[in-house]
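Asker: What follows is the residue order along each chain.
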Amino acid sequence: MTANTLVHSKLVCVALNDKSQLTALEGTFNEAPYKKPPTQPVLYYKPRNTWNVDGAEVEWAKDFDGSDVTAMAVGASLGVVIGRETCRVSQAEALDYVRGYTIVSDFSLPEENYFRPDIKGKCLDTSAPVGPEIVPADTIANPDALTVTIRVNEEQKSAFALADMQRSVAELISTISWIMTLQPGEIIAVGFAGDRVPVAQGDRVEATIEGVGTLTNTLGGA
Amino acid sequence: MRHARIIFDGRELDIDIDTNDRITTTDGEVLDVALDSNDITWLAPVKDPGTIFALGLNYADHATELSFEPPKEPLVFIKHANTLTGHKQVSYRPDNIEFQHYECELVAVIGKTGKNIRREDAMDYVAGYTVCNDFAIRDYLENYYRPNLRVKSRDSLLPMGPWIVDREDVADANNLRLTTEVNGKITQDGSTSDMIFDVPFLVEYLSKIMTLNPGDMIATGTPHGVVDMQPGDTVICTIENICSLETRIVSEKEYFGDKY
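One line per chain: the protein sequences are A and B, in this order.
Oh and the first sequence: position 56 is 56 in full-length UniProt numbering, straight run, nothing missing.
Oh and the second sequence: position 157 is 157 in full-length UniProt numbering, straight run, nothing missing.
Extracted from the complex, chain B is given alone in its bound form:
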């Protein structure tokens, strides 16, 4: 089963999607609408977003691309819900920057409270998986708490969804093809099997530091192939058996309107 949040017919709805793409609200109402319909506005799929962990340098090839040694310990940073946006929504590119890139990532959504979780029990705490695009404004990197919030925590720079796939419906999250297309051209093509630290490791690691709660999310890092984005570009992040997440880049002026 897949789970999402949408606006449809003026209503904000929590929905389930079955294998025949049939949509049912949590109240049991069946919606007569196709998943690709423009009448659906997709929201980020986690209803009560908690702590969003993101991994830096978690794919050996990406670490090499950025001229770093692969880390011996996870490089974890935290993003906040202000960054979240949904499928087919927009993200903005700040004015006067040189380099903004996407990062297609597998997201593990925590479903159960836990502390000091052992690796062999870790999957019991994962409710499901989704896809995010963890945008970064590379111009703003400074060597303090790097990657700092100015690079990673801007509004709209974490598209997520469109839906969460139940954990039991994903046979092996550690062996999924991951691709990114920019304006129809594949720029990123990797596999979650290349992660340095896999989901069970990360659940164990984080839960030794702190209590994990339902609605917390772990974005697990990205493989090589990041390229610059410009307003007008469309980027689609896909992880097989999970979902495809489409985002359009707009200018700062278009995004903020009156507040520009």
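Next comes chain A alone, as it looks inside the complex:
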């Protein structure tokens, strides 16, 4: 766990919140093992050993035999920082519980399927940088109007307009708050572009949201 991470206690991420990804996978999701498309937000945790900060190195993962993995990928999301205890709130009041916004990068092994919890792919040490800072909620008029871009070695690889999310920021806060009570400082990464960006050892990755900042990290292992 990296010192001075911006996350307090919990970082919960929303998978499969990109409408175009859901459309592309519709056929797959009607077959085994899924059998039908998700009816609820698909959630996973980035646990505390993954938390990292702006400017820091992200470790290149190792296989079980101790050699470097052949591929990693990155997605980036708006991070919604909870401001006060949030338990069973409505969609209409959900944004009142937000203290501010930040950026979450999610470095993982390539996403192969969504059937079982992806502990091997998602729980890698230092793989969840959060930052560079938390901007106050009142500086962002409409979080669903933002766009998350990823640049690798100064070349833009991905742009995800949050308007293309299946579920809005307010809807997610509300739905999640009916599953679990959220506490001040906990962060929800609300959605990632369906196509994760491949990265290589030594790459410099910048995730940017206008008005929120740029989160910069370098892959280790070069």
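Worth flagging that the hints you see were computed from the coordinates, not collected in a lab.
Hints are supplied without guarantee of correctness; some may be wrong.
Mimicking BS3-like on lysine-lysine, the simulated pairs with C-alpha atoms at most 30 Å apart in a straight line are [claimed, not checked]: (1) A/Lys-10 <-> B/Lys-259; (2) B/Lys-88 <-> A/Lys-10; (3) A/Lys-10 <-> B/Lys-253; (4) B/Lys-208 <-> A/Lys-10.
Assemble chain B onto chain A, guided by the hints.
Answerer: For chain B alone, coordinates are given in the frame of chain A:
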């Protein structure tokens, strides 16, 4: 020695319990109270809960009961501290569901930071053991990151405790009787010897993926015998030589009160 966290006489205390059931605070104060006293409010026993790993399908008989092939690799999911609650506390059953069941599980509590831990060294990283009840709301299963957070990560659905027993006081964690009683009737009766993946294996496996830290916990799965729970039911999960964990089920309305 056993270790727990309680509220007693208006104070939140970290306590040690010796073989004579004598309670001493970490400041050395001896508390003149019996372990079964209603004056003690039990908290979940891990003071700074870290990552809580839980195993699905880790007993061959339970895997069969659920019509699955036993897994070739551990099925691990993560729960968060919002799920934790203590001995003799309540868990809630959501309204309008068909099937909520308990899962009595041995929990290994990590005591030391480690990465790439070898199986033969694994026990050095285990501080002790406790018992948890890993409730599941089966109605909410969907085939995405299954078992998903909506099934497993709800507030109060991971009672744990009452205490942690030091590792050196448990001769063989891989051969302990495990039982669950619902309203006084035994519904689950197994042995940790039936685990597919034992504690040393799991410590090695997880630490190859990620660094384990003190306060992390591994809930090791449950044998067959899961039955539905209803508000008003009392469930007691027991693992011999560790502890007995009692939980009362309440309705969603009773649990959330004003927030219902």
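Asker: A separate judgement is required for each hint: does it hold in the structure or not?
Answerer: Checked hints:
1. A/Lys-10 <-> B/Lys-259: Judged against 30 Å, a Cα distance of about 22 Å means the pair holds.
2. B/Lys-88 <-> A/Lys-10: The given pair, whose Cα atoms are some 26 Å apart, holds under the 30 Å limit.
3. A/Lys-10 <-> B/Lys-253: holds, 26 Å
4. B/Lys-208 <-> A/Lys-10: With a Cα-Cα distance of about 22 Å, the restraint between B/Lys-208 and A/Lys-10 holds, given a limit of 30 Å.
In summary, this structure violates none of the numbered hints.
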